[in-house]
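J.: So the chains spell out like this:
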Amino acid sequence: MTLDPQLILDSLPLIAQGLGITLKLLLYSALFGIGLAIITLVMRISGRWYLSWPAQVYIYFFRGTPILVQIFIIYYGLPQFGFIRGSILWPILREPFACCVIALGLNSGAYVSEILRGGVLGVDKGLTEAGKALGLSSPQRFIYITAPIAIRLSLPAYSNEFISTLKATALASTVTLMDVTGVARTLVSQTYAPYEIFIAAAILYLAFAWISYVALAWLEARASRYVKKGN
Amino acid sequence: MADLAAWGDDYLLGTLVVLKVFVVALIMAVIFGLIGAAARLSRNRIVSGLAKIYVVAFRGAPEIIILLIFYFGIAVSLTALVQYFDPATKFVDIPPFWAGSAAIGLIVGAYMTETFRGAFLGVDHGQVESAYALGLSKFQTFFHVRVPQMWRLALPNFGNHMLSIMKDTALISVIGLEEITFVAQMATSVTRQPFTMYMTVALIYLAITTLITFGVAALEKYANRHLRGAR
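Line order of the protein sequences matches chains A and B.
Residue numbers are given in the working numbering: position 80 of the first sequence equals residue 80, and the series is strictly consecutive.
Just remember that the working numbering sits 231 ahead of the position in the second sequence, which is counted from 1.
Some hints here could point you the wrong way.
Label-pair ranges, simulated between beta-carbon atoms [stated by the list, open to error]:
#, chain 1, residue 1, chain 2, residue 2, range
1, B, S361, A, Y213, 36 to 44 Å
2, A, Y213, B, D241, 40 to 48 Å
3, A, L12, B, F445, 41 to 49 Å
4, B, I266, A, W53, 40 to 48 Å
5, B, L450, A, L51, 26 to 34 Å
6, B, D241, A, V214, 40 to 48 Å
7, B, N455, A, A157, 18 to 26 Å
8, A, L136, B, K452, 36 to 44 Å
9, B, F322, A, V227, 57 to 65 Å
10, A, Y213, B, L244, 35 to 43 Å
11, A, A157, B, I277, 27 to 35 Å
12, A, F81, B, F445, 32 to 40 Å
Since the hints were derived computationally from the structure, they do not count as laboratory data.
Using N, Cα and C, we set each Cβ at its ideal position, and we do this for glycine too.
Let the hints inform the model, and build the full structure from the sequences given.
T.: Next up, the structure:
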């Protein structure tokens, strides 16, 4: 009945064993997500319907369905097809870790794409017009003028999305991965002390969310160092 | 497809369970959000500090950990409590429906706290002052001046929180509630068609989230009807 603080402290190092997998999941899926987001962003702002529609369908699907179901579709669902089991990708798609990275990356890519689009739309039109007047080509205007400002404008929303991805990595425990949540669930089934162990796991996640928040806030401050204060 | 049709009834019942969890969790989230926002805005430092801790903890920890703390934690506490009165009891089970709804309600309630607080602070202070100057009581000012504008300001975020609740319902399958993700797990073990089964779940979620999105968009249009042309 009573909470045992000693048990929380004792279980922290045990649960921290799963930290490696959690961090790897977070890092890989965040990078994969950013890559996908940039590709889909370019597809969406290209102005060609055969590029922008697939991107929109992708974003619509991954934003409208639960991440847990997405992980299950990729990990349990894809092996239903013989051609996937026969393909050269099978050694990767067989692994729960890779499946989680793919699912989380696809999910985060859809959200980040929307965030980046918001950033691009937020760039003052006068700046790109000035670039045009200076004779910069359309790709040059995008790379040298729009992109750096859009990234700065997107950082606050990206910070939230990064923390969401961190929280979503906890779902990897449902496909047998031994991340922080997976280790915690195993410990609970052994000790039957759910409060202490899950609270210890939650503290680890909170600490990490806080570190990410501070790091991204620093990045944001650095990215806007030349912006006039008080705007 | 014939396999899928055989499971149609189960999916229908599962969808009803999802909708029930959604309604219960939404009501709880609004209640927790209103209490949280009132506490955050309170001048009492202890009250607003506690509300802040609530918001940080429930927004920063993974949803699945909070759900597991609720489900297993309450079961252990209740078992201990019942054993105190009746030592013969072995284990008290709590219904996953209520544990899940309460956990999701508390999580999204933390997000709603910030939304409602932002909406409260978003109402132009001059209007509140003029209401007082016209002799309206605090109560009248709140209901006739603040509330009609607050719901309009809170609506876009509120819509996103409804989508979060809808997508979080999939997590309750982890603690054994018979909603659609759980139905898909059962169906997969019989039919050996995981992709078909989980994709069906994804499409059901997509249909519901699309309906919510359209509903919120229509409400927003209605709420901002007097601003038409101004933007």
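J.: Decide, hint by hint, whether the structure agrees.
T.: How the hints compare with the structure:
no., hint, in the structure
1, B:S361 with A:Y213: 36 to 44 Å, "holds (39 Å)"
2, A:Y213 with B:D241: 40 to 48 Å, "holds (42 Å)"
3, A:L12 with B:F445: 41 to 49 Å, "holds (46 Å)"
4, B:I266 with A:W53: 40 to 48 Å, "holds (44 Å)"
5, B:L450 with A:L51: 26 to 34 Å, "holds (33 Å)"
6, B:D241 with A:V214: 40 to 48 Å, "holds (47 Å)"
7, B:N455 with A:A157: 18 to 26 Å, "holds (22 Å)"
8, A:L136 with B:K452: 36 to 44 Å, "holds (39 Å)"
9, B:F322 with A:V227: 57 to 65 Å, "holds (59 Å)"
10, A:Y213 with B:L244: 35 to 43 Å, "holds (41 Å)"
11, A:A157 with B:I277: 27 to 35 Å, "holds (32 Å)"
12, A:F81 with B:F445: 32 to 40 Å, "holds (33 Å)"
Consistency with the previously given hints is maintained throughout, with no hint failing.
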